Amino acid sequence: MPDYETFERDVLVIGAGGAGLRAAIEASAAGVSVGLVCKSLLGKAHTVMAEGGIAAALANVDERDNWKVHFSDTMRGGQYVNNWRMAELHAREAPDRVRELEAWGAVFDRTKDGRILQRNFGGHKYARLAHVGDRTGLEMIRTLQDHGIHQGIDVYMEHTILSLLKDGDRVVGAFGYERERGRFKIFRAKAIVLATGGIGRAYKITSNSWEYTGDGHSLAYDAGAELIDMEFVQFHPTGMVWPPSVSGILVTEGVRGDGGILTNKEGRRFMFDDIPASYKAQTADNEEEGWRYCQGDKNARRPPELLTRDHVSRCIVREIKEGRGSPHGGVFLDISWIKQKLPNSAEYIKRKLPSMYHQFKQLADIDITEQAMEVGPTTHYIMGGVRVDPDTQMSRLPGLFAAGECAAGINGANRLGGNSLSDLLVFGKRAGEFAAKFAKENSLGEVDNDKIETTAREALAAFERAGNENPYQVQHDLQEIMQHSVGIVRNENEMKPVLDRLKEFRDRANGVRVIGNREFNPGWHTALDLKNLLTVSEAIACAALERKESRGAQFREDYPNKDEALGKVNTIVSKAADGSMQVRLEPIQEMPDNLKQVIEENR
Amino acid sequence: MKTATFKIWRGDAKGGEFHDYTTEISEGMVVLDAVNHIQATQANDLACRWNCKAGKCGSCSAEVNGMPKLMCMTRMSELPLDRPITVEPMKAFPVLRDLITDVSWNFRVKKKIKKFKPRPPDAPDGTWRMQQEDIDRVQEFRKCIECFLCQDVCHVLRDHQMHEQFIGPRFLIHVAALEMHPLDTENRIDELRNTQGIGYCNITKCCTKVCPESIEITDNGIIPLKERVVDEFYDPFGWIWRTLKRLSDKGLK
Ligand code: SF4
Ligand code: SF4
Ligand code: FES
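For the record, the sequence lines run as chains E and W.
Just so we're aligned, residue 1 is where the first sequence starts under our numbering, counting upward by one.
Just so we're aligned, residue 1001 is where the second sequence starts under our numbering, counting upward by one.
Just chain E, same shape as in the assembly:
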């Protein structure tokens, strides 16, 4: 075997967005040595794109808020297939995690009495999102980054992991390459935390960058961990639709939280037309009340634009399908209308939504203080991911932990806006804490040299092939299929054939040819990422077929209603002994009475 450079750390964290950074900080604070692998440069992960805020029941703006209301909102939003224990921990611990950021230097917007300001967001009963204008993710990642670099964490920037290494059942290392020279590296660790984020690149229209190819999902699956809830892919209702080159780029829900309204080409606020029964009691039934809510009137109920993302996305799709969309195939999102209400509306908008103002001005020639935006759904987030223990974040493989978007459980069938940043903090911390504990109790294992050799050989094969398949083309074609057949509106006739098509794609992926050499070669990197994209695409399609109902983010035309029995199960995807993908339904553990009561009290 060639002599690959080898690193040894107590804990290795793979992924350096909010969850990975938080995990690394916690582990190193526990006194173990920590390595942090990031696919891009440090501080560039998708967390940076998060705009709206961090959901935490600080009760700074509305004293009626507390963890119980947050917990109930999260469960309702997730349509009760969430892991209730994770939802509970998340709601209880998020406030401390936010306050901790302030102690590390984050500078949140303030209330009049000098505390952290909170804003309204979809599905949250009270103003709950701690924020910094509309660049909260940047503030969060920078704070964690600047705190983390003084903790003695070893950061491996622009490295990608290709496989996990096992010693028996236990995960004891990872094998990957650095982009700069294309050299392979071995990482030996007593515990590993996956924090690789999402799978957005499996779809054509997405808010995710090139990095989000389901790496953690696929690494864990291949190593023998289970994936859960993979059918639930969140299509954020408001992505840019025009001009074409920017389609999919996120438009924060904060626009609606601050008074923005959705209209169709007839100028109708179509969100009033369909308010789900479970939200009737807490949704405004007239425009005036909705506006009062956005202005902080505690007696007003929230406008229907702030219903959950799954529902808003579907209403938008309906408007477009029925011919009431905007000129470029979206609907209108209008914040400029508030000039009827506020004398200094342009200033207000620029202060509350500075980067949205900037983004539309520069990329679409639209002044959002004067004109409506055109928006449509964009692939944003996957609720599904590695199945973990709710308290420790360990998967079923000893030594393998997961946190953040690549782990699953807290969000159920649909994630509320703002619950992602808090999830990253709460479970990033827990993963780091328990990974450090595991590392202290275990020694380094033996890495599997055969696995290293096969991985290396497969990775280099693309340079030697005679074929002429272009890796970018394969990725593009896969995105088309997923978008079309396993997208917002699904049915069995569309999805069944996808499974066969994915087999063809696997052959194509095995036939791609890479030009150039190993040094910083994006064509090669794209080719290597295809395997992960195919794994998560298959998992999404399998789980979506298995759940024969519509719930949260999963909408099945052939089963348009909720099925009570399916509301008590999760879909679990795992790799069978023969290497094939297996999917099964598993009952959700019964919720304890105290939590049931909390939900009852907050109906």
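Read the hints as simulated data drawn from the structure, not as lab findings.
Among the hints, a few may not be true.
As the list claims (entries may be wrong) - Simulated crosslink set (DSBU-like; lysine-lysine; CA at most 30 Å straight-line):
id, chain 1, residue 1, chain 2, residue 2
1, E, Lys352, W, Lys1115
2, W, Lys1111, W, Lys1209
3, W, Lys1117, E, Lys112
4, E, Lys562, E, Lys531
5, W, Lys1205, E, Lys350
6, E, Lys437, W, Lys1117
7, W, Lys1115, E, Lys437
8, W, Lys1209, E, Lys440
9, W, Lys1007, E, Lys352
10, E, Lys361, W, Lys1117
11, E, Lys437, W, Lys1111
Since we're looking at a predicted model, the values are computed, not measured.
Given the coordinates of chain E, work out where chain W with the ligands should sit on it, guided by the hints.
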């Protein structure tokens, strides 16, 4: 459909040259779209960095027609299409490959800056109180996306290569953000003058002009820092007096 010709620098530390590519231009396209399209269809191994495509991550810095820019925020419609558009890597950092430079120096510099050190919490529950008007300036600096374009244009780094003596505008405003943070109690003035080389900045304001986040790097950040340095070194008693007063104005006992 309209087409545009690009001259993209390809090469590595040993050297390189411009290669010509022609690609179609659609409405609203930015330079990064064109580069990504060329990469996907004509040059799979063309190395460039990008993440967000929306001016938020600071990955896609390059020089477009000689101007330091974020490729994802540079519209094709701003550029004359009658002649080739040149795209080349930043000049203040060593080239790794094609449009990618080695920016690791920046990460090393940041590590050496003393970290945030807050005063004890104001409230029994461990939280602090700050007024919005007292943090506006710090929030302005914290908009920085670490694209390093300001570092790229600063002549002290770009022309004089004084990376060992001078931390550059990005990190001067990082220090400014810490120094002006209402909760911070650390003092970073000594090293600003000595190891961090604030004196090398002669306020040309080139950094401010290229900042995609429109941060007033010089007027709001560097100049006030320079004043603090002058105060502390040449009028130490006055400085102590003013600092105490500033802190007591903020309600610190
Ligand atoms: S103002 Fe100072 S820091 Fe900015 S470019 Fe000029 S010399 Fe460099
Ligand atoms: S200060 Fe402006 S130009 Fe400099 S790195 Fe930050 S965002 Fe870029
Ligand atoms: S890609 Fe993020 S700033 Fe250009």
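Is the hinted pair Lys1007 (chain W) and Lys352 (chain E) satisfied, with a Cα-Cα distance of at most 30 Å? 40 Å, violated
Take a quick look at whether Lys437 (chain E) and Lys1111 (chain W) sit within 30 Å of each other, Cα to Cα. Holds: Lys437 (chain E) and Lys1111 (chain W) sit about 27 Å apart, inside 30 Å.
Keeping to a limit of 30 Å between CA atoms, is the pair of Lys352 (chain E) and Lys1115 (chain W) held or broken? Distance ~29 Å between Lys352 (chain E) and Lys1115 (chain W) Cα, so the pair holds.
Run the distance test for Lys1205 (chain W) versus Lys350 (chain E): straight-line Cα separation, threshold 30 Å. Between Lys1205 (chain W) and Lys350 (chain E) the Cα gap is close to 25 Å, so the pair holds against 30 Å.
Does Lys1117 (chain W) sit within 30 Å of Lys437 (chain E), going by the straight-line distance between their CA atoms? 28 Å, holds
For a C-alpha distance cap of 30 Å, please report whether Lys1209 (chain W) and Lys440 (chain E) respect it. Violated: Lys1209 (chain W) and Lys440 (chain E) sit about 51 Å apart, past 30 Å.
Given hint Lys531 (chain E) paired with Lys562 (chain E) - CA-CA distance at most 30 Å: 33 Å, violated
For the pair supplied as a hint, Lys1115 (chain W) and Lys437 (chain E), is the alpha-carbon distance within the 30 Å limit? With a Cα-Cα distance of about 27 Å, the restraint between Lys1115 (chain W) and Lys437 (chain E) holds, given a limit of 30 Å.
Against the 30 Å threshold, does the CA-CA distance of Lys1111 (chain W) and Lys1209 (chain W) hold or violate the hint? Distance ~26 Å between Lys1111 (chain W) and Lys1209 (chain W) Cα, so the pair holds.
Proposed proximity, Lys112 (chain E) with Lys1117 (chain W) (alpha carbon, max 30 Å): Holds, because 25 Å separates the two Cα atoms, which is no more than 30 Å.
Straight-line Cα separation of Lys361 (chain E) and Lys1117 (chain W) no greater than 30 Å? Not satisfied, since the Cα-Cα distance of roughly 38 Å exceeds 30 Å.
Violated hints, listed in ascending order, are 4, 8, 9, 10; each of the other numbered hints is respected by the structure.
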